[in-house]
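Colleague: If you want the building blocks of each chain, they are given just below.
Protein chains: 2
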Amino acid sequence: MAKPEKVEIVEVGPRDGLQNLQFYVETGKKVQLIRLLAESGIRAIEATSFVHPRAIPQFRDAAETIAGIKGLPGVKIIALVPNLVGAQRALAAGVQEISFVFSISASHNRNNVNKTPGESLEELRQIFELPGMGTRWMIRVNLATSFGCPFEGILPDERVYDYVDEVVDMGAKDIALADTVGYGNPAQVRRIVSNCLKRYPERHFIIHLHNTRGLGLANALAAYEAGLRTFDSAIGGLGGCPYAPGATGNISTEDLVFMFEGMGVKTGIRFPELFKAGQYLREIVPGVELSSGVLKAGLPKGILAA
Amino acid sequence: MAKPEKVEIVEVGPRDGLQNLQFYVETGKKVQLIRLLAESGIRAIEATSFVHPRAIPQFRDAAETIAGIKGLPGVKIIALVPNLVGAQRALAAGVQEISFVFSISASHNRNNVNKTPGESLEELRQIFELPGMGTRWMIRVNLATSFGCPFEGILPDERVYDYVDEVVDMGAKDIALADTVGYGNPAQVRRIVSNCLKRYPERHFIIHLHNTRGLGLANALAAYEAGLRTFDSAIGGLGGCPYAPGATGNISTEDLVFMFEGMGVKTGIRFPELFKAGQYLREIVPGVELSSGVLKAGLPKGILAA
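Protein chains in written order, with our numbering: chain A, 1 to 306; chain B, 1 to 306.
Chain A extracted, bound-state conformation (with noise of 0.2 Å):
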């Protein structure tokens, strides 16, 4: 194992998280979510998603979101894009970094932004030539169902590599690899993360992993032994997936400190104040089952409490 040091959390259940909800969270509440989550050592926090609002009601508020929070000190606030449309809204709305999404299997992407994989590309073209990328803010690019797709299945790992040669061609610096329906194993999360950041050392990779097939921290190991330091999770495991009701979705903000905290790995978050970011989210989501193990269990005895 690599020599224990520090990795960056990226706090997404205030998107991914909020997004599978069959019912809506007053602004608000979203507002004071990620506020916080601020205070509990987190340094950057996907808020929202500048969508279509028939694609996905819970944001309609996304504006709004962003005009609440702004000013939280020392926190980068991004907000997930599907298309050039959104990236401009959310441009105008204020975020530092926006996170664009496509999916590297065809029939996920016409499912889930209904645009080719390559139409998407062009978007991402058209938002990487926006005025102020890369000073007044920064992109992100997300590669959905890297490690498979709900229709196609697994895909070939050379799949991944292409997609990422295009987006660093365009200029990408920040990309996350993602799981999206929890299809992968350490083995191929290790493989793909260490080809990866073999081909492009230069550039800054993320992990999104969900932990739909209980697999999600084992995944997030074998990424971090692979060198990989930025793993996007979501307080309390909130999130699912929309092709396997009931099944859990994002990894666990509170395991995956635990996790790393325990091995030696500094997160930068302080479990008190992570605890009532959780406490405060079991309140907004009643009858929500939230499945971080740390959130039912609490912290062993005697560790990290204070």
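Think of the hints as simulated: they come from the structure by calculation, not from any bench.
Mixed in with the good hints there might be a few duds.
Any copy, or any two copies together, can satisfy a pair, since identical chains are not distinguished.
Below, a list of computed lysine-lysine pairs in the DSBU-like style, where the Cα atoms sit at most 35 Å apart [stated by the list, open to error]:
1. Lys70 to Lys6
2. Lys301 to Lys115
3. Lys301 to Lys173
4. Lys198 to Lys266
5. Lys29 to Lys301
6. Lys198 to Lys301
7. Lys276 to Lys266
8. Lys276 to Lys173
9. Lys115 to Lys266
Position chain B against the provided structure of chain A, taking the given hints into account.
Modeller: Positioned in the frame of chain A, the structure of chain B alone reads:
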């Protein structure tokens, strides 16, 4: 990562899983569950526990359960025992392997079996002297709370090694390191497992993991990478923790098999039959949440389905 090869999975659901239920499961249902598990290709099953019926009423039918599954072809039937009397009852009932458990934490051992670790070791010594040891029957020794105790927190690694030394001196060949309450993290698991394998390369080490805080599969991966090849797990992820209501139990057999087979490591277990056992478990423990991700979400498209 070590070259992919094969692992042995010991199914402990009928014992550790059923142990935490608030209701009694009839003997015939236990027997049927064990038969279905055997049909999936599982070759070792911890079937019951020979404890005092007042301590765990669920296993008042231990002898009848063993009688009901006699002659399952190719399957090693294991029974948990906490003391000499339990061992004698188990052997009289015809089990091939007894699994003796004690905690390396004095307070947990007191709470669990009302003995000091020294008193438990004395019982173990007497069990080793029973006629037929190593010929008609085998013994496996479980070191509970090896990765932490709910009363004493994380214990010094040396405590584990000291007790391993003691049981090896008595003649133990099969030794299970148990993360009884889900305290372990991958760095700790890797370190302790590595040291045990290095110290006693000719002994057979097993790991028993709980997923209480979501790290179960990550810890299994760490143990595998450290060279360990035998893993306990429970169908459906059944089981819980008396100290954490609602907490997840043992690592799930389905998720563990999915992880290893996905990595190209052979388990000898077939999913269609394993799902039948999981479905049957659902029927006989109505209202109990089964935490297995694979059981909830199904296998990925095109993977291991045949």
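Colleague: One pair to classify: Lys301 and Lys115, alpha carbons no more than 35 Å apart. Within, between, both, or neither?
Modeller: between (50 Å within a copy, 22 Å between copies)
Colleague: Classify it for me, Lys198 with Lys301: is the Cα-Cα distance of at most 35 Å met within a copy, between copies, both or neither?
Modeller: between (40 Å within a copy, 29 Å between copies)
Colleague: Can you give me the call for Lys276 and Lys266, within, between, both or neither, at a CA distance of at most 35 Å?
Modeller: Answer is within; shortest intra-copy Cα gap is 20 Å, inter-copy 43 Å.
Colleague: Since the copies are identical, ignore which copy is meant and state whether Lys115 and Lys266 lie within 35 Å (CA to CA) inside a copy, between copies, both or neither.
Modeller: neither (40 Å within a copy, 39 Å between copies)
Colleague: Have a look at Lys70 and Lys6 and pick one of within, between, both or neither, based on CA distance no larger than 35 Å.
Modeller: within (27 Å within a copy, 53 Å between copies)
Colleague: How do Lys276 and Lys173 come out at 35 Å by Cα distance, when the copy is not named: within, between, both, or neither?
Modeller: within (34 Å within a copy, 47 Å between copies)
Colleague: One pair to classify: Lys198 and Lys266, alpha carbons no more than 35 Å apart. Within, between, both, or neither?
Modeller: both (24 Å within a copy, 29 Å between copies)
Colleague: When Cα atoms must be at most 35 Å apart, do Lys29 and Lys301 count as within-copy, between-copy, both, or neither?
Modeller: within (32 Å within a copy, 37 Å between copies)
Colleague: First find the shortest C-alpha distance between Lys301 and Lys173 inside one copy, then the shortest across copies, and answer within, between, both or neither for a cut-off of 35 Å.
Modeller: between (41 Å within a copy, 32 Å between copies)
Comparing the model with each numbered hint stated earlier shows that hint 9 is the single one that does not hold.
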